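Colleague: Protein chains in written order, with numbering that gives the first Met the number 0: chain L, 0 to 89; chain U, 0 to 279.
Hints were generated in silico from the structure; no laboratory data involved. Small disclaimer: the values here were computed from a predicted structure and weren't measured. C-beta: ideal position from N, C-alpha, C; glycine also. Be aware that one or more of the hints could be misleading.
Here are the computed distance ranges between Cβ atoms for each label pair [unchecked claim]: (1) U/Ala142 with L/Ser11: 47 to 55 angstroms; (2) L/Ser11 with U/Gln169: 45 to 53 angstroms; (3) U/Leu164 with L/Ser11: 45 to 53 angstroms; (4) L/Ser11 with U/Asn106: 35 to 43 angstroms; (5) U/Asp189 with L/Ser11: 32 to 40 angstroms; (6) L/Ser11 with U/Gly163: 50 to 58 angstroms; (7) L/Ser11 with U/Pro232: 20 to 28 angstroms; (8) L/Ser11 with U/Glu22: 21 to 29 angstroms.
Straight-line C-alpha distance at most 20 angstroms; calculated SDA-like pairs for lysine to any residue [unchecked claim]: (9) U/Lys71 with L/Leu13; (10) U/Lys247 with U/Gln169; (11) U/Lys258 with U/Arg219; (12) U/Lys71 with L/Asp14.
Computed list of chain U residues with no C-beta within reach of chain L, every gap over 12 angstroms [unchecked claim]: (13) Thr18; (14) Ile38; (15) Val42; (16) Gly44; (17) Val122; (18) Val154; (19) Leu164; (20) Lys175.
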Amino acid sequence: MAGESLQTKDVSLLDVLDAVLEKGVVLKGDLTISIAGIDLVYLDLRILLASVETLIQAQEKSASNTVGDGRLESRREITKEVREEVESHT
Amino acid sequence: MQAEVNTKELIYLYAFIPTQEYEENKLTDIKGIDPDYSIEFYVFGEITAVACLVKHEDFAEEVLQKKVEDMKWLQEKAYHHHERMNTLHNTYTVMPLKFGTIYEDKNRLEDTLAEHKENIRTVFQNLSSKEEWNIKIFTDKKAFIKEVKENSSEVAKKVQEIEGLSKGKQFFEKKKLKDFIEKQADKEIDKYCESIHEQLETFSADTEVKKNWERKLTGRDDDMCWNGAYLFPKDKVEQILQFISEEKDKAEKDGSSFKFEITGPWPAYHFSSFQNQGGE
Numbered sequence: 000m001a002g003e004s005l006q007t008k009d010v011s012l013l014d015v016l017d018a019v020l021e022k023g024v025v026l027k028g029d030l031t032i033s034i035a036g037i038d039l040v041y042l043d044l045r046i047l048l049a050s051v052e053t054l055i056q057a058q059e060k061s062a063s064n065t066v067g068d069g070r071l072e073s074r075r076e077i078t079k080e081v082r083e084e085v086e087s088h089t
Numbered sequence: 000m001q002a003e004v005n006t007k008e009l010i011y012l013y014a015f016i017p018t019q020e021y022e023e024n025k026l027t028d029i030k031g032i033d034p035d036y037s038i039e040f041y042v043f044g045e046i047t048a049v050a051c052l053v054k055h056e057d058f059a060e061e062v063l064q065k066k067v068e069d070m071k072w073l074q075e076k077a078y079h080h081h082e083r084m085n086t087l088h089n090t091y092t093v094m095p096l097k098f099g100t101i102y103e104d105k106n107r108l109e110d111t112l113a114e115h116k117e118n119i120r121t122v123f124q125n126l127s128s129k130e131e132w133n134i135k136i137f138t139d140k141k142a143f144i145k146e147v148k149e150n151s152s153e154v155a156k157k158v159q160e161i162e163g164l165s166k167g168k169q170f171f172e173k174k175k176l177k178d179f180i181e182k183q184a185d186k187e188i189d190k191y192c193e194s195i196h197e198q199l200e201t202f203s204a205d206t207e208v209k210k211n212w213e214r215k216l217t218g219r220d221d222d223m224c225w226n227g228a229y230l231f232p233k234d235k236v237e238q239i240l241q242f243i244s245e246e247k248d249k250a251e252k253d254g255s256s257f258k259f260e261i262t263g264p265w266p267a268y269h270f271s272s273f274q275n276q277g278g279e
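Starting from the given sequences, assemble the full structure and let the hints guide the process.
Modeller: Printed below as a string of structure tokens:
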């Protein structure tokens with residue numbers, strides 16, 4: 000049993016999502032996503048933003064060397080918002 | 000430079016692996032998360048990044064946010080991510096990254112790697128010859144509360160105390176009794192789960208206690224009361240599974256409603272953070 004990793008068929012979608020998504024699976028009351036007629040997963044989609052944060056952090060770093068890049072400025076704003084959102088949910 | 004950003008492909012990052020292991024056994028021809036591209040191995044000194052090119056139209060930050068709302072898409076891609084990770088995990092010491100870790104270009108990836116080189120090396124060492132397992136414990140909370148109400152000595156003591164009070168006080172205390180019983184039940188459930196956790200901890204190189212999922216999420220007719228990720232040394236796994244199986248039997252024999260669910264081995268998703276080494 001030990002040694003070989005689990006194949007997809009052995010674990011539920013929920014287990015996989017809980018492992019591979021940055022914040023795991025989070026319940027959010029007003030958002031129900033259903034697959035094949037079964038209410039399977041309630042997902043707080045903001046969890047994904049946290050993963051993308053890695054990218055944004057890298058940009059923020061390089062932004063300090065790039066003067067007047069409006070796109071990065073606006074992204075930084077978004078990141079701040081996201082971070083607050085995520086924190087208020089955890 | 001900025002004008003080119005949207006025409007170039009992005010880099011979807013799966014994992015880091017030790018270059019030495021990659022040099023010894025090179026996997027090739029693995030289809031990427033974007034089926035138009037294959038998985039590539041970027042060697043940066045002793046660390047190799049496992050990645051795949053992806054198109055802006057699918058993985059640009061603002062697009063990705065929309066795409067993940069499509070459950071079918073998310074399911075397909077999340078499974079892909081997990082399956083590729085298993086493939087890597089079967090061959091290498093793998094430091095898995097989360098779904099949706101995306102870099103704009105190789106230079107940024109290289110910068111991140113350079114910055115966290117030491118941490119990544121430490122994670123490789125920590126993960127070597129170990130694997131992640133997930134252990135959940137369930138119980139029927141309603142049945143458990145009933146059991147506590149009928150059999151707990153704490154509850155019996157409380158009831159006796161109340162009977163000694165004046166009629167007026169009794170009224171209020173009886174109202175509070177239901178709460179007391181529920182709290183007592185929670186306490187006993189926690190105590191049980193924590194005792195299992197403490198024993199598992201002695202085998203583990205690392206642990207992470209996760210949030211319990213509600214019934215709506217599990218679809219089960221009992222309640223999750225423990226959800227833990229454990230990093231076990233490979234040579235201890237058999238012994239640990241034996242331990243859990245014994246605990247399972249014990250719970251069954253005692254007529255308790257505790258049920259175990261064990262999944263693994265997993266790539267070490269919960270023990271691969273290189274950003275906050277020593278920070279937490």
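Colleague: Now, for every hint given, state plainly whether the structure supports it.
Modeller: Against the structure, the hints:
no.	hint	result
1	U/Ala142 with L/Ser11: 47 to 55 angstroms	24 angstroms, violated
2	L/Ser11 with U/Gln169: 45 to 53 angstroms	49 angstroms, holds
3	U/Leu164 with L/Ser11: 45 to 53 angstroms	50 angstroms, holds
4	L/Ser11 with U/Asn106: 35 to 43 angstroms	39 angstroms, holds
5	U/Asp189 with L/Ser11: 32 to 40 angstroms	25 angstroms, violated
6	L/Ser11 with U/Gly163: 50 to 58 angstroms	52 angstroms, holds
7	L/Ser11 with U/Pro232: 20 to 28 angstroms	26 angstroms, holds
8	L/Ser11 with U/Glu22: 21 to 29 angstroms	36 angstroms, violated
9	U/Lys71 with L/Leu13	13 angstroms, holds
10	U/Lys247 with U/Gln169	41 angstroms, violated
11	U/Lys258 with U/Arg219	12 angstroms, holds
12	U/Lys71 with L/Asp14	16 angstroms, holds
13	Thr18	21 angstroms, holds
14	Ile38	16 angstroms, holds
15	Val42	20 angstroms, holds
16	Gly44	19 angstroms, holds
17	Val122	15 angstroms, holds
18	Val154	31 angstroms, holds
19	Leu164	41 angstroms, holds
20	Lys175	29 angstroms, holds
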